[in-house]
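In the order they appear, the protein sequences are chains A and B.
Per our numbering: the first sequence = residues 1 to 549.
Per our numbering: the second sequence = residues 1001 to 1341.
Some clues are possibly wrong.
[Claimed, not checked] Chain B side only, calculated, beta carbon under 10 Å to chain A, not exhaustive:
#, residue
1, N1020
2, P1021
3, L1080
4, G1085
5, A1097
6, A1101
7, D1253
8, F1256
9, C1266
Derived from the structure by calculation, the hints contain no laboratory data.
Computed from a prediction, not measured in an experiment: that's the story for all the values here.
Yeah, the Cβ is synthetic: ideal placement off N, Cα and C, and Gly gets one too.
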Amino acid sequence: MTTTVTPPPANPRLAKVAGGTANWVDDRTNIGGFVKFFSRKLFPDHWSFMLGEVALYSFIVLLLSGVILTAFFVPSMEETHYEGAFASMHGVAMTKAFESTLYMSFDVPGGLLMRQIHHWAALIFTASIVTHMARIFFTGAFRKPREINWLVGFTLMLLSLAAGFTGYSLPDDVLSGNGLRIIDGVIKSIPFFGSYISYGLFGGEFPGVHLIPRMFTAHILLIPALILGLVAVHLFLVFLHKHTQYPGGGRTDKNVVGLPLFPVYTAKAGGFFFVVFGVIALLGALFQINPVWNYGPYDPSPVSAGTQPDWYMLFIDGALRAQPGWLFGLPFEWEIGGYTLSWNILIPAVILPGLFFTFLALYPWIEAWATGDRGERHVLDRPRNVPVRTGIGVALITFYVILVLEGSNDIVANLFHLSINDLTLLFRVLIFVGPVVAFIVTRRLCLGLQRKDRELVLHGHESGRIVRHENGEYIEVHTPLTEQERWVRVSYESIKPIEIEPEYNDRGVRRKGYKWDRFKQRLSRWYYEERIDPVTPEELRAAQEHGHH
Amino acid sequence: MTIDSHKGQETGANGESFENPGLPDHRPRRADVDPKAAKRAERQVVALFTLSVLGTILAVVAYFVFRPGETVESIRYANLFLGLGIFLAMMGIGLGAIHWAKTLMRDHEMVEERHELRSSDETRAAAVEMLKAGAKDSGVGIGRRGLLKGSVIGAMLLAPLALLVPYVGNLGGDWNVSKFKHTMWKKGTRLARDPDGTPIKASDVTIGSVFHVIPEGLNDLPHHELMVEKSKAVVLLVRLNPADLKVQPGREDWSFDGIVAYSKICTHVGCPVALYEQQTHHLLCPCHQSTFDVADGAKVVFGPAKRPLPQLPITVDDEGYIVAQDDFNEPIGPSFWERLK
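All chains, full assembly: derive it from the sequences and hints.
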């Protein structure tokens, strides 16, 4: 292989073939227009923009490894007796789904690796979606014009949970079977329809023979097709809106500063796909995941301690664990006219996730009511510059993490030698107190960081150099910020609470919509009453003159 | 204190805010200015791509050399080396491409203008005109609107029923949800060990011991019926010191000499309540930690469950085997809307 620093001399024959092919295709497809539109499109650079890429690439790895797994998996709940390579399971009664999972693990060379790659990729897929969503939230990338894309991404997040859960349940092992039984119990708690939804889903009584074939279709066809379609919409909107950018010199809401798709991002993002694939392959090679042969085939009777669902379902499991059946002598299951209403299941597993997800979906509009802003926003916020939003985000994460910890309370209790009952009681309190404390602390921290920014802009960096004046006074020399450093700290907009029209006009008539406006005003005050304004040139001049004394 | 006098003025156009300083100066990388560094970067990229080729070879070789075997250990090497091969094959390409981009491709940022997404007023007006023209061409708006629109919307709303009614109707089989309320226990069914199905004699049950129980005859059922029935019928059998046992009113004859049997399916969301603690007579569900007191009617002492575990009334037959007196007198497992109907 020879390498040269200068570009190789144009190969006239190759150029002719390439030109001819391009001409042939363009005559029939107008591909020139696409190339013109896409090839030199600019993308800003930042590590946090790669979180969404991780989600996309792990999805591609899921599709590739999933196709390989379908070549061996038998989605059937018919009974069979194991006779494959794994000696210690010989003769055990199991479903064909479980048998084929063992078969692809022990009899197919590389089959176990593909299972592990698929499972690791699924965990990384859901994790990267959640962190990507957090990045969008904290930087305000959901603001106009990206509200629709926030909803598309939100739906993708829900679909990733559905994809994960249906896939987790397919091998029909003891753990996943118990997971399904829990879902069945949750569904049955739904008033009026619960029993019928359960019956329809399982094709009769739990577990029946229909569920795995049905989940298989959902897992390999319906859900991936929806994800693929929505990913296309998601990316189309990214191209249409052009990517957001962090604040910095030369960047405004009216431009995009970055490097072209071809060749820079073709190489960087394309290369990153292979990096993600490589890391997932390494996880599959080194770290065992979901060893179903240790759990055994599903049997409704046994269960082991320390049973946890995959991480993305832990928060619901945690809520189920934290909810008391009785509280101070009051039951959380009611009998009304002979019908049973199970608040102890509905609250943690239906109402709470419902409220959590509804709030997330609607968040761009909630903030827009408070801000009263109608313009397009393409420059991202530094999280400190919107203290209330950042506080809400950290409160939501705290809430989520407490539920995840409660979902592993047996493991936590075991690890730290605590009483599991005390731990659950503690989490019951923390679920309410934790997010409030997190909000208050985060908001204060943001305001503090904004003050620190002002301080830096006004007085510069501490240089550590002490100078003695002729009059004997000692001072430390401060180095002023560069224009670029300063711009990042002063270029944010300090939003003031919205003003609303008075309730009565000058003729004393009460106007319509006043209550709604009043609500928005209250919200707006909560968001923006306490704020730190960026340094103005006036203030900087004053500070510098003061420094000259 | 010194003032950075670079470009002097701090005031913006209106004097109230700073002016955008524009793009930072581009700093050339070493490979941009030093041909040796560029050459070195190029060699590093080539090395990374070569690493990928070696990884591919490793993966193919590992496939032929390490065959899976009969134990977990035997497939460990197959899994490890094939996985490492794929890792290197992918990582080499990925790092090579990224290193190429970072060292040799353009890193001088460019600027592109954004355009407001909203279409112009003229375009909007033209679009509205076109839709109006289309509506006119369709004939809507000259007296036929109501019936035409009503019929097309009505037809489209009803059409899904042609699929939904029969095929959603099929999903639930016989839709007989009252099956949730009954198990295969009936008068005289012997309590048998799970999973082998051998019946249990009262004399086998010593104080403090615990048995996982299925109804005798369960194992003779076809597999899918077995799974359905087992999901409802599993029972936990415990013998307590009769002095510790608080007999529940109305259930005086449901136990036998300190032996009690309770449904093993949690009244919370249906996990098997499998962990019995002998000292406290507590029964713990490992899924969500509902805790039941076996000595006191399996009442809830902690956790998310609200109801006690249903008790299976038992007695002993002529041969000394423990048998059920009847089915459970209430539905087992998690609550559902029509549970008590």
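These are the hints, each one checked on the structure:
Because the smallest distance between the Cβ of B:N1020 and any Cβ of chain A comes to about 7 Å, under 10 Å, the interface hint for this residue holds. This hint holds: B:P1021 has a C-beta 4 Å from the nearest C-beta of chain A, less than the 10 Å allowed. Evaluation of the B:L1080 hint against chain A yields a held restraint, the C-beta minimum of about 5 Å falling below 10 Å. Because the beta carbon of B:G1085 sits about 9 Å from the nearest beta carbon in chain A, less than 10 Å, this interface hint is met.
This hint holds: B:A1097 has a C-beta 3 Å from the nearest C-beta of chain A, less than the 10 Å allowed. Below 10 Å, beta-carbon pairs count as interface contacts, and B:A1101 has one with chain A at about 4 Å; its hint therefore holds. The criterion of a C-beta within 10 Å of any C-beta in chain A is not met by B:D1253, whose closest approach is roughly 27 Å, and the hint is violated. Proximity of B:F1256 to chain A is violated relative to the hint, the smallest CB-CB distance being about 23 Å (cut-off 10 Å).
Given hint, B:C1266 at the interface with chain A, holds; its Cβ is 8 Å from that chain's nearest Cβ, closer than 10 Å.
Of the numbered hints stated above, those contradicted by the structure are hints 7, 8, listed in ascending order.
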